[in-house]
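Sequences are here, hints too, so could you generate the full structure?
There are 2 protein chains.
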Amino acid sequence: MPFQPQEVDKNAVATIRMLAADVAAKAKSGHPGAPMGLAPLAHLLWSRFLLCDPKDSHWLNRDRFVLSNGHACILQYTMLYLLGYKVTLDDLKQFRQLNSLTPGHPEANHTDGVEVTTGPLGQGFANSVGLAIAAKNAAAEFNRDGFELFNNYTYVFLGDGCMQEGVACEAASLAGHLRLNNLIAFYDDNKISIDGDVSCSFTEDVTARFKAYEWNVITVGDGDKDFNDIYDAIVKAKECKDKPTLISIRTTIGFGSLHQGTHSTHGSPLKEDDIRQLKEKFGFNPDDKFIVPQEVIEAYKGYAKRGSDAHAEWNKLYAAYGEKYPKEKAELERRAAQKLPEGWEKCLPSFTPEDKPAASRKLSEGVLTKLSAELPELLGGSADLTGSNLTRWSDATDFQPPATHLGDWSGRYIRYGVREHAMGAIMNGLHAYGLHIPTGGTFLNFVSYALGAVRLSALSQFRVIWVATHDSIGLGEDGPTHQPIETAAALRSLPNLAFWRPADGNEVSAAYKVAIESLKTPSVLALTRQNLPQLEGSSIEKAALGGYVVIEESNADVTLVSTGSEVAICRDAIKLLKEKGIKARLVSLPCFHVFDKQSLDYRLKVLPDGHPILSVEAYSTYGWGRYAHVHHGINRFGVSAPYDDAYKFFDMTDSAIADKAVNVVNHFKKLGTSLESPLGLEAKFLAAN
Amino acid sequence: MPFQPQEVDKNAVATIRMLAADVAAKAKSGHPGAPMGLAPLAHLLWSRFLLCDPKDSHWLNRDRFVLSNGHACILQYTMLYLLGYKVTLDDLKQFRQLNSLTPGHPEANHTDGVEVTTGPLGQGFANSVGLAIAAKNAAAEFNRDGFELFNNYTYVFLGDGCMQEGVACEAASLAGHLRLNNLIAFYDDNKISIDGDVSCSFTEDVTARFKAYEWNVITVGDGDKDFNDIYDAIVKAKECKDKPTLISIRTTIGFGSLHQGTHSTHGSPLKEDDIRQLKEKFGFNPDDKFIVPQEVIEAYKGYAKRGSDAHAEWNKLYAAYGEKYPKEKAELERRAAQKLPEGWEKCLPSFTPEDKPAASRKLSEGVLTKLSAELPELLGGSADLTGSNLTRWSDATDFQPPATHLGDWSGRYIRYGVREHAMGAIMNGLHAYGLHIPTGGTFLNFVSYALGAVRLSALSQFRVIWVATHDSIGLGEDGPTHQPIETAAALRSLPNLAFWRPADGNEVSAAYKVAIESLKTPSVLALTRQNLPQLEGSSIEKAALGGYVVIEESNADVTLVSTGSEVAICRDAIKLLKEKGIKARLVSLPCFHVFDKQSLDYRLKVLPDGHPILSVEAYSTYGWGRYAHVHHGINRFGVSAPYDDAYKFFDMTDSAIADKAVNVVNHFKKLGTSLESPLGLEAKFLAAN
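For the protein sequence lines, the chains are A and B, in the order given. Numbering-wise (this note's numbering), the first sequence opens with residue 1 and increments by one. Numbering-wise (this note's numbering), the second sequence opens with residue 1 and increments by one.
Hints are computed from structural coordinates only; laboratory data are not their basis. Positions of the beta carbon are idealized from the N, C-alpha and C atoms, including for glycine. It is possible that part of the hints are untrue.
What the hints assert, rightly or not - Dumping the calculated DSS-like pairs for lysine-lysine here, alpha-carbon to alpha-carbon at most 25 Å:
hint: 1; chain 1: B; residue 1: 28; chain 2: A; residue 2: 362
hint: 2; chain 1: A; residue 1: 670; chain 2: B; residue 2: 605
hint: 3; chain 1: B; residue 1: 684; chain 2: A; residue 2: 670
To be verified - Cβ pair distances, simulated, as ranges:
hint: 4; chain 1: A; residue 1: 539; chain 2: B; residue 2: 357; range: 54 to 64 Å
hint: 5; chain 1: A; residue 1: 4; chain 2: B; residue 2: 648; range: 51 to 61 Å
hint: 6; chain 1: B; residue 1: 197; chain 2: A; residue 2: 395; range: 14 to 24 Å
Printed below as a string of C-alpha cells:
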C-alpha cells in the first residue's frame, strides 16, 4: 500500500519551516536555510520511522539521529520540541543565548535528545558510523534467539560541507567496507554552500562516489514536495541487508523564502517581510510568531506515542530477557550505567626495578591484554598501525562483517585503515552509543590529523582513549615528519583532555587506570617505541596523581622535573650530579591535567619553593613555564637517525642534563635570590583570591 | 610505433630493486617493499618522460615529482642518485643516519631534487595538486604566443595509505573540479598496508571513486613486468586535455623477495639470505652490495642528458622571451628569486586612534586588497568561507577552468571548498612551485583540521599564510564547537611558525608585513569577527617586533600583557585602575615567535622585573607562564551567546580585569618579594650560559 500523506503532514512541514525562520529572526543569528529545506524529510523521518521515546532519551535501543550539518540545529531543536523532549518553545526562543538549551550547534551532554556534538563539518557523519558499529556490536553480544534487544538504526543528515570534508570521506569508505546496513545517511543536496553555488568548487558525482564505497544509493529528486518519494526511499533503505544507504535528496535551501535556493538564506535570518510572505504563502497569519497549530501538536503526540509504545514493548522483551538471561542483563545494565566491574583495577600490572626494561607501547599491550578480559566494553583498534601500536590483544576477534570471514560483529578490534581523523570521530560515536570504551592507536604525531575529533571528545565529555605510540624523537629513523614536538602542548592546552606520558610500567598502568575511571574525560597516552627501565620510586598510586616525587632529597640544590622516556635519563643525570656534590630531586609529571587537580599543598610538595626547577622533556618547552624556571627541550624539528643518536644530538643524555643542571644551580646561587616555585606563584594567588 | 623496452631497462629496474634492499639493510631500518614494487614505473617515468635537469634542480619549467608515499624514499633517493643530482652512492649508504642527505622521509630544503616534504600520508598527493595549480597559473600569466615557458607536468606516486587519508580525498575532488590535466598520479595498488592485506579495511573501488571525481582513470594490470603497458599509460595520460589522470598500477610489494606480496617487506629490511637470493635471481653476484652496473650508469647519463637538453632548449626560448617581453621576464625572475617589489610595504595601511573601529578580518581584507595589486604572486583563497573570512579582493578573478565560465587559469583566488586540510597541503604545493605566496582562509578553530599540513609548512620552511578569522569566543553565537581555546597554544608551540593575533589595524599591517618578509616561515593570522578600536600607541614598526609597550608608566604597580581583541579591553581596565590609584602598564604581544627573537634587553624592557605581570587572553592560559606571573584566560570551552555576553560570562571585561589586577597588586605587595620577570628568569640564565 503506497504511503498517503495527510493534510497534517503538509501543515507540520510548514510549521517547521516557519519556526526555523522565527527562531533565527528572534536570535538575530543562525541558519534558517537548511532547516527550511530539510523540513519534509525531518518530519517524515521522525513521524513515521525514527523510533525514540521522548520521555526517555536514553532508551538503549532507540534509533540514533545525528545532524552532521550541525548549523541546521534549529531543525533538530524543533523536532525535539515537537516530540516532547525536554526542549520547550521557550527554549527555541532562547536560541543561541547564553546558557540556553539551544546553543548555536548541537551539544551532547547539554540538550536532551542530542546524541553527539556536531557543527565542525563532517564530524557528525563519522560519529554516525561509530554509532552504527556500536549497535552491530551490541546486537552481536547481547541479542539472543527471540530476543532482539538491539536492532536500532542510525540516521544522519549531512550537507555539502560535510560531503567535502576528508573526515567524512574516510568514514564513508570504512562504513562501506563494514557493510553497516543499520546506517542511513541523508545527503541534503541543495547545491549551496557559503561561497555560493557549489559549482564553484564541488562538481564531483557524489552518488557515484558512494557507490564506489559500496554503499546502497537512492536518489530523491524533489525533497521539497514529494513526500511519497522520501517515504519510499527510507523504506527501501531499511530493506537493504548488506550495505549502508545514502539517500541523496534534492532540496531547496530556504524553501518558501523570497531568496530560496540562494546562499543568502544559509547563514543569517530572513528579513521580516520575507518571513511575513512565507507565512502567508503557507496560509498562516503573518502577524503571528512561533506558530504551532494545535493539530500539529496533536499529531506529534501521536508520533511520540509510536515511540513510547515501541519502548514499552521493548521493556517487556527486556524483562523476559532478564528472566532467561539474568547474567547478560546485569552485565548490560552495568555497562549502560558506565559502572566498572568490581575490582577491575586489580588486573593492572605493577612493576619493580628488577623487572626488565620495556617500551611503554609494549607495556600498554600488556595492559590492554589484561583489560580486554576484564572489561568487555573495551573496543580497540588502530589506524593501520596495529603491529606498531601494539593495540591488539592476542586472542582478539576483528570487528568485521561475517561474510568477509575476517571476523564478525562481536569482534572487539576495529581495523580503521589509514584514517586517523575518522577513527577519532568514530570513537566519539562508539562512546555515544553508551556501552563501550573505545581505544584507538596511531603515532602521537598523527593524533594531529584528528585534532578536530579529539577536541569534540573533550567538549562532549566522551571517554575515548588514544594509544599514541612513537611519542618523540625516540622513534628514531622515521625522522622529523613523524617526531612530535608540539603535539603535547596542543593536547595539554585542550580543556578536559588528559595527556599522559608515562615513564615506566607503573605509570602506564596508572594512565590506563585514570583514563578508564575518568568517565567524562578523553585521554591520550603517549608511549615510546624504545625501551624504558622500571623506576625505583614509581607506583601506580603515585603516578595516578599526575605528578609525584621519584627521588626526594632534603636541602636540594635543584629539582629535575620530567616526563616519559626522559625521567630515567634524569635519574641517571642525578647520579652524575651526586658525584659532583649537587643534591637533586627528581619529579615525574606524567599528566599535567591530573596533577593540576591535586591540592596546592601536594603540588607544592612536589614542586617546592626555594631552589631552581629544571624541566626536561624531548618536546617544545612551550607550557613548562608553569612548573619550572628553566627548560631543557627541543624547540625545533627532530632528526632522522637511530634513536640514541637523536637523543645525543639534542643533548637528551644524562651528562648533558647534568651539565645543564650544574649551570642552573650555579647561576641561581650567584643571584642569591630565594626562588619561588613558578607553580606556587600563581597558585598561591589563586588560593588567596 | 610501440615502445620497445631494452635490455638495459630490465637491468636498471633490477638495480633499483637491489639498491632498495641494500640501502634498507645497511640502515637496519626503512621500507624496501614499495621501492622494489615501484621500480619499473620509476625507471620508465624518469628515463622516458619526466623532464628535469639534475644539474639544475630549480629549472623553472621542470616536471615536478612528488613521492606521497614518502616512506618509499629509498626509491626517490636512488633515482636522484642515478640521474646525477647531488645525491651520491655514499649518501644512500648513510640512509636514515644523523644529518645525512637521505633522511627517513623526503625533506624539501634538505635534499637536492626533493620538491616537498612527504611521509605523513596523503600530504604529498595534495601538494601535487598545488604544484599543478601553480603551473597552470604560471602558464596563464607568463606564457605568450610562441613562448610556452610553462608546460610542465606534475607526477605523483601514492599508495594505499595516501588513498585512504581524508586530505587526499579532498584534494582529489578539487583537482577533478579544476580539470588539472597537468597532474598525473600513480596509485601503487599493491594491496598491502601495515595491518596486512588492505581487504581488512579498504575494499572500495578506487578507480570508480576517481571517475566520480571526474578524473581520467587508466589501469595497468601488471606493474611488475609489463613495461609497455606502463609506458602506454603515461603516454595516454599526457594526451588527456581536460582532466587529471590516475594511473592505477598493480604492483607486488617487495617484488623479488621471498616474501614478496606480504607486509613483512613493507617496513623493515629484508633478511640477508633473502637479499642474496634476490641478487642471484636478477643474475648478479650475491656477494656484491650496492651494485650499479656500468651500463645502467651510462644509460642514466643519457636520460639525464635528455633533461639537460630540454633545459638548454628552454633556456633559448627564455632568452628570446626576454628580448620580446623584457618586463615579464624581469618580473618572473624577481618572483623566482623570491624578491619582493621595491617599496611594496608602503601599501600597508596605518591607522590612528581617530580611525574608526573595525574587525581585524575587515582590516585584513583591506590589506589583502592592497597586496593583491602590489604583489602579483599573492594567490588567495578560502575553504568555502569567503564572505566570512573576507579573503577575496573585489576585483579578483577566480582560478577556474575557463570552460566553467567562473574564472580562468590566470585567476588568483582559489575556491577550495570545505576542505581545510587539503587547502593547507595544496598551499604547500603552491609555495613549492616557487612563484607564489599562497594565502588561505578559514575559521581559526578549523586550522586544527589542517594541522598535519601546517606542521609540514613549518618543517619545510614554506611561506604560507593562513587568514584565520573568528578567532575566539568573540565569534559569539556559533558557540564552543567553533570557538578556539587551545589552537593558539598548538600553533605557538610549533617550531618555525608565526602565530599572530593583532589588536588593531596597525598590528594587522605588521602581521602581514612580517609574514610576507619571512621567506622561510609560515604564518597564521588570527583575526576577529567583532570590531576593535584603533589603539593609541600602536604602530606597524612596533608591532613588527612581535611585542611592545602600548602604555608606559614609570614605577608601575602591574603590567597587563595581552593580545588581539583583549588589548583594548585591558586599555580600558587601566583607566579604571588609574581611578583606583594603581599604575598599570600595557603590553601587546601579537606574536610570541617574533617577540622571542628580539634582544633580551628589548624583551626585558617590554616585560621588566620588579612588579607582577598579568596576562589577559581569551584562550587557554597554557604557555603564558613564560611571560606573566598570573593569567587571566579561559581554561574551559566557550559558550554560544552574543559576543558581548560571552565576554562578560568569562570576565573578559574592563572591570573584571581591573578587579583581578587589583588583587594581583595587593597579593604581591603583601608578599613583599621583589618579583623577577618570568621571561627574564630563564632568559638571563640562557644569556649567561
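How the hints compare with the structure:
no.	hint	verdict
1	B:28 / A:362	holds (21 Å)
2	A:670 / B:605	holds (23 Å)
3	B:684 / A:670	holds (12 Å)
4	A:539 / B:357: 54 to 64 Å	holds (57 Å)
5	A:4 / B:648: 51 to 61 Å	holds (53 Å)
6	B:197 / A:395: 14 to 24 Å	holds (21 Å)
In terms of the numbered hints stated before, the structure departs from none.
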